Amino acid sequence: MTTAEQRLGNAANFVDERIGAAGWVKKSLNKVFPDHWSFMLGEVCMYSFVILLLSGTFLALWFDPSQRDVIYDGVYEPLKGIKMSAAYASTLDISFEIRGGLLMRQIHHWAANIFMAAIVAHLLRVFFTGAFRKPREFNWILGILLLTLGFVEGLFGYSLPDDLLSGTGLRITSAIIQAIPLVGTYVSFFLFGGEFPGVGFLPRIFTLHILLIPGAFLAVITIHVMLVWYQKHTQFPGPGRTEKNVVGHPILPVYMAKAGGFFFIVFGIIAFLSAVASINPIWLYGPYTPGQISAGSQPDWYMGWLDGLVRMSPPLETHAFGHTISWNIMIPALIVPGIVFTGMAFYPFIESWITGDKREHHLLDRPRNVPNRTALGVMSITFVMVALINGGNDIFATNFHLSINEIMWFSRISIFVLPPLAFVITKRLCLSLQRADRDLVLHGLETGRLVRMPSGEFVEVHAPISDQKRFILTSHEQAPALEFSATDARGVKRPGAIKNKVRSRLSKAHAVGLPKVSAEDLKEIEHH
Amino acid sequence: MVNNESEMSDVSKEIEQLQDPGAAPHVLRHADTDPKAEKRAERQVAILFTLSGLSSLLLIYSYVFVATDVFIFIPVMGDQNAHQLGLGLGMAFSLLFLGMGAIHWAKTLMPETEVVNYRHEFRSSDEDRDELVKTVKHAAAEVKLGRRSLIKRSLGFSLGLFALPPVLLLRDLGPLPKKLLESTSWKAGTRLVTDPGNRPILASDLEVGAVVQTLPALAEGTERLLSDVAKDPVLLIRLRPEDFQLTPEKLAMTHDGIIAFSKICSHMGCAVALYEQQTKHLLCPCHQSTFDVTRGAKVIFGPAARPLPQLDITVDDQGYLIARAPFSEPVGPSFWERNSQ
Chain A
1 MTTAEQRLGN AANFVDERIG AAGWVKKSLN KVFPDHWSFM LGEVCMYSFV ILLLSGTFLA
61 LWFDPSQRDV IYDGVYEPLK GIKMSAAYAS TLDISFEIRG GLLMRQIHHW AANIFMAAIV
121 AHLLRVFFTG AFRKPREFNW ILGILLLTLG FVEGLFGYSL PDDLLSGTGL RITSAIIQAI
181 PLVGTYVSFF LFGGEFPGVG FLPRIFTLHI LLIPGAFLAV ITIHVMLVWY QKHTQFPGPG
241 RTEKNVVGHP ILPVYMAKAG GFFFIVFGII AFLSAVASIN PIWLYGPYTP GQISAGSQPD
301 WYMGWLDGLV RMSPPLETHA FGHTISWNIM IPALIVPGIV FTGMAFYPFI ESWITGDKRE
361 HHLLDRPRNV PNRTALGVMS ITFVMVALIN GGNDIFATNF HLSINEIMWF SRISIFVLPP
421 LAFVITKRLC LSLQRADRDL VLHGLETGRL VRMPSGEFVE VHAPISDQKR FILTSHEQAP
481 ALEFSATDAR GVKRPGAIKN KVRSRLSKAH AVGLPKVSAE DLKEIEHH
Chain B
1001 MVNNESEMSD VSKEIEQLQD PGAAPHVLRH ADTDPKAEKR AERQVAILFT LSGLSSLLLI
1061 YSYVFVATDV FIFIPVMGDQ NAHQLGLGLG MAFSLLFLGM GAIHWAKTLM PETEVVNYRH
1121 EFRSSDEDRD ELVKTVKHAA AEVKLGRRSL IKRSLGFSLG LFALPPVLLL RDLGPLPKKL
1181 LESTSWKAGT RLVTDPGNRP ILASDLEVGA VVQTLPALAE GTERLLSDVA KDPVLLIRLR
1241 PEDFQLTPEK LAMTHDGIIA FSKICSHMGC AVALYEQQTK HLLCPCHQST FDVTRGAKVI
1301 FGPAARPLPQ LDITVDDQGY LIARAPFSEP VGPSFWERNS Q
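Sequences listed follow chains A and B, in order. Take 1 as the starting number for the first sequence in this note's numbering and just add one per residue. Take 1001 as the starting number for the second sequence in this note's numbering and just add one per residue.
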């Protein structure tokens, strides 16, 4: 035994005699993680969160969230002598006077954008592959919670520098709060510490931004990852993979090296972007004052779709009994997002109600094999994309010399027309892909080699595919639709007839698919 | 796996599934078979780690030795601050090479055979479940909560009231709204002054087509609060009097072709800052609500539901523009208590 081994052994012994960790650690290090590029999306979320914590801590060392007035006297000439908040002045100092401060600001902002993008990509991966099904519904809901927290944390984050753009964002935030019936005005006065822009809002959201919300993030992320650990990761179907096993690389050493290396790659890419691509140059916007604005005011990308919905909303307000209800704010900014997020959170239960499937699933779906779900996903993406395009309608209009009114009308119509269209097209595409799979299994690959038969006939030579590939293409389940008879065995009408009718209609739509190739089909083909 | 739902039947069991052929045979990597390739991979990993270290040195060099105001020309990117670029690229490459080294190591040299683990069912065994139910029932029976209704009710009372103070304690976060949102600093006789500059405006100085952003003149020795700047800004626009298509009352609020509107959008409170002289439209850059100045800032496009409030203006005896009356309605976004009658 070398001295190094001996020392390590002594340390391990010290710990183990006190907390008995050896058994658990041994088991954990042998834990197997299946490999697929899409499983890295969740890792990107976690790593960018760590980067946010690190860079954010750096920024908090110098940032002063106060809204008190100061006269700027820093190195940035164009703003010298101008009255501004201490928050904005300290952001300028971080950018120009603290060495590495600008880099950290850029890293923090880029990491936030990438964090949200990775969450969305991870969510889509989980959705389209059906990884949210039993027993992982809790983790799906925690994921939606993290996404929601991300929106709030991001909004607070880009509001803190108190530049003209971020102040405009807060003005809109306060208007949304004010639009809540009954309590809106009060909530707004309490949050802002008075009339907008108030005196207390920045210090308050600073505390939320650096303490409460990151704490909530940490707690939820911990549970999220622990559940993945405990329930074991899902895997794509393939030879040797079943619902009862998990095939992949053990934590030590391969997974750890790859995941650790990947953290540095994510960090490196964010640092590279921050070094070469400027984001949120607050010194160009100037300090916030409610009487001014810059054209082309845009929120961060993940807020764009909400802003787009607000922009396309029709001018509806109700005035009655001395009160005002702003439908033009409530519908796009509160009601629609509420429906979207609640619907997302409940989706696993909705789908299981439709299919009647209450079993555990550890093998992932290929999106084409569940056309209805895939179509629903693409439909939702289309909805958000139309809204996002409208959120940038002024940018599109000025860059492509279009009329802003026409873009707005395009979006207003498209938001109703395109999502259902996307649903239908996606469903058809899935079925076509299923047909292609079927052809591939039955007839093999088209090689492009033409052979002329003695009879003069031309045929294309097909190369058979491997047994493994064939198995992958046929191993999915095809559950039939649920059926309910309106009457029971004695001919008495069952209760809940309408509910059952809806359920069987949905179930039928969900079960649409091309029959997959069975072993009999293949045998039959071999006989020919 | 549990299947509680009786109506669920699995057709895939009715057709004969293809046999699982088992995983494809493991293909060895170059580095597994060829010692030369193994050495090469080892060297590559070492080079990547070394590059990472060198990049960290670039960062340190830039931090210590490159002044913050040195600019260098980089093709495509143009003039770049050398200090910032050195810091950023140093950090980026030290991280990237470190990550690439670790992954290259894992992919070429570490064991890559796949391992199989088995899953366990999450549902607890029936005995465990029964035990749990028994334990809970036993505890409940011992406490006799069901029979001690006096305790139960008083506990509910106590917990209910206990939940109130935390909400109450937040009361001092801000003042009550009162009627604050319904008033601005404009009073009858307040002079309109330029923003920025705080200069009073002679009506005769405004040419047709001119636009001026104004604020109410400040009383001596007072400071302008940001919360006032959020409500007070007024846009002055001078048109030819014949361009107006206004009701007689609204026309009476103009002065010699000069019309004054609140600059705070009636939708969400952004500054309505874009004025197009040709069409005489005001556009809010936030959500593109468009207001027609000739028709009293009527909404002609976008989500805003109300015209911009118009300020009644006239001139004082020196010819400076003043407000004849305060705004007759609240400016800015709607709120629940807003009474539009």
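Treat the hints as calculated values from the structure; they're not laboratory data. It is possible that part of the hints are untrue.
Calculated cross-link-like contacts (lysine-lysine; reagent style DSS-like; alpha-carbon spacing at most 27 Å) [to be verified]:
hint	chain 1	residue 1	chain 2	residue 2
1	B	1298	A	232
2	A	27	B	1298
3	B	1298	B	1187
To spell it out: a stretch of chain A is covered by chain B in this simulated footprint if at least three of its residues, at any positions, have a beta carbon under 8 Å from a beta carbon of chain B; those stretches are [what the hints assert, rightly or not]:
hint	region
4	11-20
5	100-112
6	229-243
7	254-260
8	453-466
In this text, all values refer to a predicted model and were calculated from it rather than measured experimentally. Ideal Cβ positions, reconstructed from N, Cα and C, are used throughout, including at glycine.
Evaluated hints:
1. With a CA separation close to 61 Å, the supplied pair residue 1298 of chain B and residue 232 of chain A exceeds the 27 Å bound.
2. For the suggested pair residue 27 of chain A and residue 1298 of chain B, the alpha carbons sit about 71 Å apart, so the restraint of at most 27 Å is broken.
3. Straight-line distance between C-alpha atoms of residue 1298 of chain B and residue 1187 of chain B comes to about 24 Å, which keeps the hinted pair within the 27 Å bound.
4. Here the region 11-20 of chain A counts 0 residues with a CB under 8 Å from a CB of chain B, which misses the bar of 3, and the coverage is violated.
5. Here the region 100-112 of chain A counts 4 residues with a CB under 8 Å from a CB of chain B, which clears the bar of 3, and the coverage holds.
6. Three residues within the 8 Å Cβ limit are the bar, and the region 229-243 of chain A against chain B gives 7, so the coverage statement holds.
7. Residue count for the region 254-260 of chain A with a Cβ under 8 Å from a Cβ of chain B: 4. That meets the three needed, and the coverage hint holds.
8. Beta-carbon proximity to chain B at under 8 Å applies to 1 residues in the region 453-466 of chain A; the threshold of 3 is not reached and the given coverage is violated.
Of the hints listed earlier, those the structure fails to meet are numbers 1, 2, 4, 8, in rising order.
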